[in-house]
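Asker: Sequences listed follow chains A and B, in order. Counted the way our numbering counts, the first sequence spans residues 1 to 189. Counted the way our numbering counts, the second sequence spans residues 1 to 191.
Think of the hints as simulated: they come from the structure by calculation, not from any bench. Among the hints, erroneous ones may be present.
[What the hints assert, rightly or not] For lysine to aspartate or glutamate, the following EDC-like pairs were computed, each having C-alpha atoms within a straight-line distance of at most 16 Å:
| id | chain 1 | residue 1 | chain 2 | residue 2 |
| --- | --- | --- | --- | --- |
| 1 | A | Lys57 | B | Asp164 |
| 2 | A | Lys173 | A | Glu127 |
| 3 | A | Lys184 | A | Glu127 |
| 4 | B | Lys37 | B | Glu56 |
| 5 | A | Lys52 | B | Asp51 |
| 6 | A | Lys52 | B | Asp164 |
| 7 | B | Lys37 | B | Asp17 |
| 8 | A | Lys52 | B | Glu56 |
| 9 | A | Lys84 | A | Asp43 |
| 10 | A | Lys52 | A | Glu90 |
| 11 | A | Lys173 | A | Asp118 |
| 12 | A | Lys157 | A | Glu143 |
| 13 | A | Lys84 | A | Asp41 |
| 14 | A | Lys57 | B | Asp170 |
| 15 | A | Lys183 | A | Glu127 |
[Unchecked claim] If we take Cβ atoms under 10 Å as the criterion, some of the chain B residues that face chain A in the derived model are:
| id | residue |
| --- | --- |
| 16 | Ala49 |
| 17 | Ser147 |
| 18 | Asp151 |
| 19 | Pro156 |
| 20 | Ala158 |
| 21 | Arg159 |
| 22 | Arg161 |
| 23 | Ala162 |
| 24 | Arg168 |
| 25 | Ile172 |
| 26 | Arg176 |
| 27 | Leu177 |
| 28 | Gly179 |
| 29 | Arg183 |
Just so it is clear, CB atoms sit at the ideal spot from N, CA and C, and this is done for glycine as well.
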Amino acid sequence: MKYVMLGLLGVSLAALAVVAACSPEHDAPVTRPAEPSDVIDRDLMIALGQAKNLHRKARIYMTDGNLPAATAAIRQVLSLQFPKGAAEAEDVRNDARALLAKLLVSQGQIDEATRTVDEGLAQSGRESFFVANLYTVQGEIHEARAAAFDAAGDPGKASAGDERHAAIESYDKSIHINERLQKKLLEER
Amino acid sequence: MATQDDDTLTGAVPDPDTEPTPTELARARRFADLVDKTLSGRTPPAMSADDRALLEVATVIRATSGGLELAPSAARAAVEDALRQAIGVDAVGASTGPVMRAPMRRWAPWAIAGASALVAAAAIAMLWLRGPVAGPSVARVPSEWTSRPADPLVGPIARDRAGDASARIDAIFADRLDGFRARRLARGGTP
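Extracted from the complex, chain A is given alone in its bound form:
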């Protein structure tokens, strides 16, 4: 009997302790600063500045007709270190991949250009105008392949047709992404 009574008292005291621990003083709203990855910091500006300079460097090389040097400069953009979680990183890399693919196509490296675009599409975590641009470049690559098959004569006619069909599909994907994003941006305004 005595132990039952002591048990009741213990349970009651424990319940009161729990209630006291959960009192509003313990979980009062506090203001905490935004996460470091949410704001524009020095590291993000450094990465963006390096990308900007590499693009300028590539533009000068392109003006001089030095496409291999321009290609090398753009490849360096892909290896830049951005702050973790920075949304700009994916956009900058996809834009560099689009330019890199065009440079490779102009140098006859169509397979390498295809691989560059496919990697960019595979690594993209969200739809963006830059992803749509990659699909546009992908369509251009298919057109370049079709032109190459056309240049081969009658044996390449069928493959050229397939490539042109693939190009249309790529352009359609680009168009749909642009439409969805524009609609979304209009709704957010």
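Here the structure of chain A is known, so what remains is to put chain B in place on it, guided by the hints.
Answerer: This is chain B only, laid out in the frame that chain A set:
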């Protein structure tokens, strides 16, 4: 000077068949009155040594003959002493007030435990009914200070501008630099 009345215990023992003298009868009646007064709690404050000795003998004889009841106050004192010893209270040092009655002793712990359980239940109910407490609030910063997708800044990329990445990175850098500077100024120049 000693009298015959003073040699009751030391004088010669009279023959049992001898008729009592008037003096002996008077002494017997007086002693009977003394015994009655003592039994009724009205013992005279002063008496002779012989009377006191005889009175003690008479009291013992009466007690041993049975049928003697304790006075109510004496009986209550004896019971309370026994109860104090049973609950571990010093019988000598304890107050002369009455010990807690048995039913109250039996129910008091249950009453205390029940009351504390009720208080705990009421506290839990209040916690339940209070509803969720607002969680920690995050300080909002202007969107231009934050890292974010560049889509609103760049817009749809036309096919003839597909390779114009240099112009787009210039625009992105300039826009983010504005946000970085604004945040830095708002923080007093610290990055």
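Asker: If a hint holds in the structure, say so; if it does not, say that too.
Answerer: Results for each hint:
1. A:Lys57 with B:Asp164: holds, 13 Å
2. A:Lys173 with A:Glu127: holds, 11 Å
3. A:Lys184 with A:Glu127: holds, 11 Å
4. B:Lys37 with B:Glu56: The given pair, whose Cα atoms are some 13 Å apart, holds under the 16 Å limit.
5. A:Lys52 with B:Asp51: violated, 132 Å
6. A:Lys52 with B:Asp164: holds, 12 Å
7. B:Lys37 with B:Asp17: Roughly 30 Å separates the two Cα atoms, so the pair is violated.
8. A:Lys52 with B:Glu56: Violated: Lys52 (chain A) and Glu56 (chain B) sit about 126 Å apart, past 16 Å.
9. A:Lys84 with A:Asp43: With Cα atoms ~10 Å apart, Lys84 (chain A) and Asp43 (chain A) stay inside 16 Å; holds.
10. A:Lys52 with A:Glu90: The hint holds at about 15 Å.
11. A:Lys173 with A:Asp118: holds, 14 Å
12. A:Lys157 with A:Glu143: holds, 13 Å
13. A:Lys84 with A:Asp41: holds, 11 Å
14. A:Lys57 with B:Asp170: The hint holds at about 13 Å.
15. A:Lys183 with A:Glu127: holds, 13 Å
16. Ala49: This hint is violated: Ala49 (chain B) lies away from chain A, its Cβ roughly 57 Å from the closest one there, beyond 10 Å.
17. Ser147: At about 5 Å, which falls below the 10 Å cut-off, the nearest Cβ of chain A leaves the hint on Ser147 (chain B) intact, so it holds.
18. Asp151: Holds. Min distance 5 Å.
19. Pro156: holds, 4 Å
20. Ala158: holds, 9 Å
21. Arg159: holds, 5 Å
22. Arg161: holds, 9 Å
23. Ala162: This interface hint holds because 5 Å falls under the 10 Å limit.
24. Arg168: This hint holds: Arg168 (chain B) lies near chain A, its Cβ roughly 6 Å from the closest one there, short of 10 Å.
25. Ile172: holds, 6 Å
26. Arg176: holds, 5 Å
27. Leu177: holds, 6 Å
28. Gly179: holds, 5 Å
29. Arg183: holds, 6 Å
Hints 5, 7, 8, 16 from the earlier list are contradicted by this structure; the remaining hints agree with it.
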